[in-house]
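J.: For reference, the chains in residue letters:
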Amino acid sequence: MHIFPFIVVVWILAVGLYGVVTSRHLMHLIMCLIVVQSSTYVLLLAVGYRTGAVAPYFFDVPVHTPAVDPVVQALTLTDVVVEAAVTALLLAFAIQAHKRFGTLDPQQLVQLKG
Amino acid sequence: MTPGLRRWVFLAGMAGLAAFYLWGLHGLPGFGRYPGPYGDLINRIAVSQTNATGVVSAVNFEYRGFDTLGEEFILFAAATGVATVLRRLRGEREGSAEDEAAGRDVPPTSDAVRQVALLLTGPALVMGWYLASHAQTSPSGGFQGGVVLATAFILIYLAGQFLAFERFSPVDVTDAVEAVGAGGFAAIGLAGVAMGLSFLTNFLGLGTIPGAVSSSGTIALISFFVGMEVAAAFVLIVSEMLDQALLLRATGPGGRSR
Numbered sequence: 056m057h058i059f060p061f062i063v064v065v066w067i068l069a070v071g072l073y074g075v076v077t078s079r080h081l082m083h084l085i086m087c088l089i090v091v092q093s094s095t096y097v098l099l100l101a102v103g104y105r106t107g108a109v110a111p112y113f114f115d116v117p118v119h120t121p122a123v124d125p126v127v128q129a130l131t132l133t134d135v136v137v138e139a140a141v142t143a144l145l146l147a148f149a150i151q152a153h154k155r156f157g158t159l160d161p162q163q164l165v166q167l168k169g
Numbered sequence: 194m195t196p197g198l199r200r201w202v203f204l205a206g207m208a209g210l211a212a213f214y215l216w217g218l219h220g221l222p223g224f225g226r227y228p229g230p231y232g233d234l235i236n237r238i239a240v241s242q243t244n245a246t247g248v249v250s251a252v253n254f255e256y257r258g259f260d261t262l263g264e265e266f267i268l269f270a271a272a273t274g275v276a277t278v279l280r281r282l283r284g285e286r287e288g289s290a291e292d293e294a295a296g297r298d299v300p301p302t303s304d305a306v307r308q309v310a311l312l313l314t315g316p317a318l319v320m321g322w323y324l325a326s327h328a329q330t331s332p333s334g335g336f337q338g339g340v341v342l343a344t345a346f347i348l349i350y351l352a353g354q355f356l357a358f359e360r361f362s363p364v365d366v367t368d369a370v371e372a373v374g375a376g377g378f379a380a381i382g383l384a385g386v387a388m389g390l391s392f393l394t395n396f397l398g399l400g401t402i403p404g405a406v407s408s409s410g411t412i413a414l415i416s417f418f419v420g421m422e423v424a425a426a427f428v429l430i431v432s433e434m435l436d437q438a439l440l441l442r443a444t445g446p447g448g449r450s451r
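Protein chains in written order, with my numbering: chain G, 56 to 169; chain Z, 194 to 451.
Careful: at least some of the hints might be erroneous.
[Said to hold, decoys possible] If you anchor each label on the Cβ, the simulated ranges turn out as follows: (1) Phe266(Z) x Arg79(G): 32 to 40 Å; (2) Leu435(Z) x His57(G): 46 to 54 Å; (3) Ala205(Z) x Met86(G): 19 to 27 Å.
Source of the hints: derived by calculation from the structure; they are not laboratory data.
A virtual CB, placed ideally from N, CA and C, is assigned to each residue, including glycine.
Chain G on its own, in the form it takes in the complex:
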């Protein structure tokens, strides 16, 4: 099955988005957003994968050994860092929203804003 990992990608994306759409709590919503973003890691790593190839580290293997794409792996690292930054900011906003409105239910927050 040559497209199975790509099906997993869209499944993770769909599950995360479903959580975001139906969320009743901001913490839950933020975690669902993390799940959505995780799908991009799987996508990036799957795109650069080559069957039977080694990791792009040539410490103990010769340079000409077939290796997977290092560029998408570097991009995945960037992805993880950005996700951590976004999550930290969102959690800070959630704390302030709870202080201000006394609830973390997104649907009640919309009603409170008027």
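Using the hints, position chain Z against chain G.
T.: Frame of chain G; chain Z shown alone:
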């Protein structure tokens, strides 16, 4: 929009996405058949060009160095943003978390948690520095090492209490370390410019043995600074979050007084 309707709109959108996605997959090379050429090209030339055997780090801190500088500043900006959003507002004062709920003391940290956290603090520090300083040789780098280093400080919090955590990582020092880490990366780039080279040129000696810790020139140095920045940023974010537990609000949520 009612939750039921929202769910149907979502499912309709997902059905459309699934259809287009499957259609699009037909034109792509299957899993495991990476077509190249960029990854292959970099894999072939990176070791001889930079003397770094970790090609992912070579991409991050050399070929894509300018991009990673932006990435590092994203984290810097996020830490600053968290500190700004969670600043002490009017009507908030700091105090012990215990008197928030009168008569219900915070349960003491169990001895088991204390012991394990203390035992892990040293290994976490060593592991963090090892990862941050071996970007050029093995799967590691400043970002991973920085996070592990930050863990060591959070373990101190677990083993003791928040005040001990703040004593081990005072906000002023953390801020300074973060600034040095972020500024160091940019300074390495500018040092190249001062020598008449392009920004972020690898101007240091590359060493003679590929994969030695002292090899790869600025890659190792940048990774080290990134490690400092990431560790400080995470300690800062966590301590800002923990600070919130100590805030006593004059008026509770929604304006009700507690």
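J.: Run every hint past the structure and note whether it holds.
T.: Against the structure, the hints:
1. Our hint of 32 to 40 Å for Phe266(Z) and Arg79(G) holds, since their Cβ atoms are close to 35 Å apart.
2. The hint said 46 to 54 Å for the Cβ distance between Leu435(Z) and His57(G), and at roughly 48 Å that hint holds.
3. Hint check: Ala205(Z) to Met86(G), Cβ distance near 25 Å, so the stated range 19 to 27 Å holds.
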